[in-house]
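A.B. asks: Listed below are the residues making up each chain.
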Amino acid sequence: MASVTLEKINKVFGHTHIIKDVDLKVGDGEFVVFVGPSGCGKSTLLRLIAGLESITGGELKIADGVVNDLPPRERGVGMVFQSYALYPHMSVYENMAFGLKLAKMANETVDDRVMATARILQLEDLLHRKPKELSGGQRQRVAMGRAMAREPRILLFDEPLSNLDASLRVQMRNEIARLHHRLGSTMIYVTHDQVEAMTLADKIVVLREGRIEQVGSPQTLYQQPATKFVAGFIGSPTMNFMPAELLGSDDKGCKVKAPGLGELALPQDASGETRGAVLTLGVRPEHLRLAEAEGENSFEIVNVEYLGNEVYVYLEPKAGDTLLIHRSEAPSRWDIGQRVALVPDLEHVHLFDTHDRALDLIKRRQAA
Amino acid sequence: MNQYQLIKLAKRVGLYALIAVVMVYAIFPFYYAVITSLKPSSELFRVDFWLSSLDFGNYVQIFTQKSFVRAIFNSILISFSVVIIALLLGITASYALGRVRFRGRTTVMLTILGVSMFPQVAVLSGLFEVIRALNLYNNPGGLILSYTIFTLPFTVWVLTTFMRQLPMELEEAAIMDGATPWVTITKVFLPLMWPAMATTGLLAFIAAWNEFLFALTFTLTDDQRTVPVAIALISGGSQHELPWGPIMAASVTVTVPLVVLVMIFQRRIVSGLTAGAVKG
Chain Z
1 MASVTLEKIN KVFGHTHIIK DVDLKVGDGE FVVFVGPSGC GKSTLLRLIA
51 GLESITGGEL KIADGVVNDL PPRERGVGMV FQSYALYPHM SVYENMAFGL
101 KLAKMANETV DDRVMATARI LQLEDLLHRK PKELSGGQRQ RVAMGRAMAR
151 EPRILLFDEP LSNLDASLRV QMRNEIARLH HRLGSTMIYV THDQVEAMTL
201 ADKIVVLREG RIEQVGSPQT LYQQPATKFV AGFIGSPTMN FMPAELLGSD
251 DKGCKVKAPG LGELALPQDA SGETRGAVLT LGVRPEHLRL AEAEGENSFE
301 IVNVEYLGNE VYVYLEPKAG DTLLIHRSEA PSRWDIGQRV ALVPDLEHVH
351 LFDTHDRALD LIKRRQAA
Chain S
1 MNQYQLIKLA KRVGLYALIA VVMVYAIFPF YYAVITSLKP SSELFRVDFW
51 LSSLDFGNYV QIFTQKSFVR AIFNSILISF SVVIIALLLG ITASYALGRV
101 RFRGRTTVML TILGVSMFPQ VAVLSGLFEV IRALNLYNNP GGLILSYTIF
151 TLPFTVWVLT TFMRQLPMEL EEAAIMDGAT PWVTITKVFL PLMWPAMATT
201 GLLAFIAAWN EFLFALTFTL TDDQRTVPVA IALISGGSQH ELPWGPIMAA
251 SVTVTVPLVV LVMIFQRRIV SGLTAGAVKG
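The listed protein sequences correspond, in order, to chains Z and S. Using the UniProt record's numbering, the first residue of the first sequence is number 1, and each one after it goes up by one. Using the UniProt record's numbering, the first residue of the second sequence is number 1, and each one after it goes up by one.
There's no promise every hint is true.
As the list claims (entries may be wrong) - Restraint ranges, calculated between C-beta atoms of paired labels, are given here:
1. Z/L168 with S/V183: 56 to 62 Å
2. S/V183 with Z/I120: 24 to 30 Å
3. Z/V195 with S/P181: 35 to 41 Å
4. S/V108 with Z/P71: 23 to 29 Å
5. S/P181 with Z/V66: 43 to 49 Å
6. S/V69 with Z/N163: 43 to 49 Å
7. S/T106 with Z/D360: 19 to 25 Å
8. Z/R129 with S/L258: 50 to 56 Å
9. S/V260 with Z/R178: 53 to 59 Å
10. S/L77 with Z/V66: 53 to 59 Å
11. Z/I120 with S/L77: 43 to 49 Å
12. Z/G136 with S/V108: 38 to 44 Å
13. S/R12 with Z/K132: 49 to 55 Å
What the hints assert, rightly or not - Among the chain Z residues that face chain S by a calculated CB cut under 10 Å, a handful are:
14. R47
15. E74
16. Q82
17. L86
18. G337
Keep in mind that the hints were calculated from the coordinates and are not lab data. If you're wondering where the values come from, they're calculated on a predicted model, not measured in any experiment. Where is the CB? At the ideal position from N, CA and C, for every residue including glycine.
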């Protein structure tokens, strides 16, 4: 177990700058998830920590030692790969024992470690099987066992669940969460799936184009996204965005006008913005209410998705615009073709400035 | 029987007829050699298509000849050495060419491919000087050296394409487990590369086993010759007599090990040869 500290980490491949000045602190025993769209550099960042890629600039510390120039085995990290990368010609036991044997451990120690790891992951009955005789979930567990057997200070996961089918993914997600709870070791986990990030993480790191967009707990990221990108990335279905013209602001908040919604008085501090600027209004699907259409502020329902416990209603502001989504408990009384008015829950509305940064709430600013 | 069935039958008959032609074309020479080798010399020039007698005299004759037995031994020594050296160098080279990124990697690969296209005759005289300079003339070492030169490009090329197909994550997993490149090659890659190694090894073996030009040029005395040369130099009682019986017996004797080896490894050869074909 150990903490990890990244200071101004940079990575350049040829002419492409993949990781740009990343600062991050991962506490001892923390479960941190790197999340972002493909190409954002999350896997590269993980491989820099693992030692599979060399660091171009900056300092990487594990515990309190700088490990920039140490090979992976001396960093005390274990890694679980997306494709599992089990050694196909070795049994489960040999797969887990391989690293221990290379470390020249005594045979009894190797045996003890492997058996202990197998017990934790419920692999005891499979020790003599070859990887090809295992199911996807079992292979995944063996891959974790191999990484754990060497008792690394930090466990790294590179999209470990993306090769599994949906139901197994949920199950393995659960197992990883319980494993972290039991071992209490520091874990860094890379995924492009925000549901995995939300369910597993103590701390989520949202990456975009090689930069950290926001770091925070799942609750923080969901309730107070720092940018429009984070707001759109976290949460499913995604947040609705609408252009909103700033009409004015005072010490209680601001007034905006959004097409189809009319004038709204919001609690955000927009004093830094000029009047008439086009801001972005963000509302999560569960924070919209539908009402009977009246006047000109109405939307057409173009699709209704029934999911059993809840219903997604898709609305079209103008032909060709991105659809807005409303989410409510099932059953829903709305149907395709109806025209409805939208009432956003003003307490939970987000407002982003022209640079897509979230505007603070007045209340919070006063408290601080 | 309607017309459709008739056409189907005709197609089938045609296919098997074609197969029969190819089989006869490929196998008949060897078959005739076997038959001839089992005939006593008195019946040698009577044309028979079936086994008419079972006379092992020719075989007894060649195996009692010391130089021929010695030639077989030389061929075995040389061929096995070539295979072992080529595979050892081929595996390590393919790791470098398939896995390590360095400037000029493609150039090296293309050079290797280019080298394998040189005709033997083109390098014969140059190689002769090299072998003389290294003091390997009339010595198995000279043949091992020259065969390895011609076997390596193919070996390296095939093993490199095969090595490239092994998933990158497998190597990274080994690195995370603390393996050095040598451990990765021997403990992780080698066990997975048996099909490719069997293919290239066998082809290298066949090439070394059958080679004639170098073997003739770089050896002088009977006790250093390899089988193909020894067979060519089997002579009869007089200048005007070619001893077909013993020649055929010798040919059959040296072909059988190859046939057996190919039979054993045939499935691997096929999978090894096609393995690099689809994904380059």
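A.B. asks: Next, verify each hint and record whether it holds.
C.D. replies: Here is how each hint holds up against the structure:
One distance hint, 56 to 62 Å for the beta-carbon pair Z/L168 and S/V183, is violated here, with the actual separation near 33 Å. Restraint check, S/V183 to Z/I120: a C-beta distance of roughly 27 Å satisfies the suggested window 24 to 30 Å. Range check, Z/V195 to S/P181: Cβ separation about 39 Å, and the 35 to 41 Å hint holds. At about 27 Å, the beta-carbon gap between S/V108 and Z/P71 stays in the expected band of 23 to 29 Å.
Evaluation of the 43 to 49 Å hint for S/P181 and Z/V66 yields a failure: the beta carbon distance comes to about 25 Å. For the hinted restraint 43 to 49 Å between S/V69 and Z/N163, the CB-CB distance of approximately 59 Å leaves it violated. At roughly 55 Å, the beta carbons of S/T106 and Z/D360 sit outside the given window of 19 to 25 Å. In this structure, Z/R129 and S/L258 break the distance hint of 50 to 56 Å, their C-beta atoms being roughly 39 Å apart.
For S/V260 paired with Z/R178, a C-beta distance near 57 Å keeps the hint of 53 to 59 Å intact. S/L77 and Z/V66 have their C-beta atoms about 56 Å apart, which keeps the hinted 53 to 59 Å range intact. Roughly 54 Å separates the CB atoms of Z/I120 and S/L77, a value that falls outside the hinted 43 to 49 Å. Range check, Z/G136 to S/V108: about 39 Å between beta-carbon atoms, so the 38 to 44 Å window is met.
S/R12 and Z/K132 have their C-beta atoms about 39 Å apart, which leaves the hinted 49 to 55 Å range violated. With a cut of 10 Å, the hint placing Z/R47 at the interface with chain S holds, because the nearest CB-to-CB distance is about 8 Å. Of the supplied interface hints, the one on Z/E74 holds, with its beta-carbon coming within about 8 Å of a beta-carbon of chain S, less than 10 Å. Because the closest C-beta pair between Z/Q82 and chain S is about 7 Å apart, less than 10 Å, the hint holds.
Residue-level restraint check for Z/L86 holds (minimum Cβ-Cβ distance to chain S is 8 Å; threshold 10 Å). Because the smallest distance between the Cβ of Z/G337 and any Cβ of chain S comes to about 51 Å, over 10 Å, the interface hint for this residue is violated.
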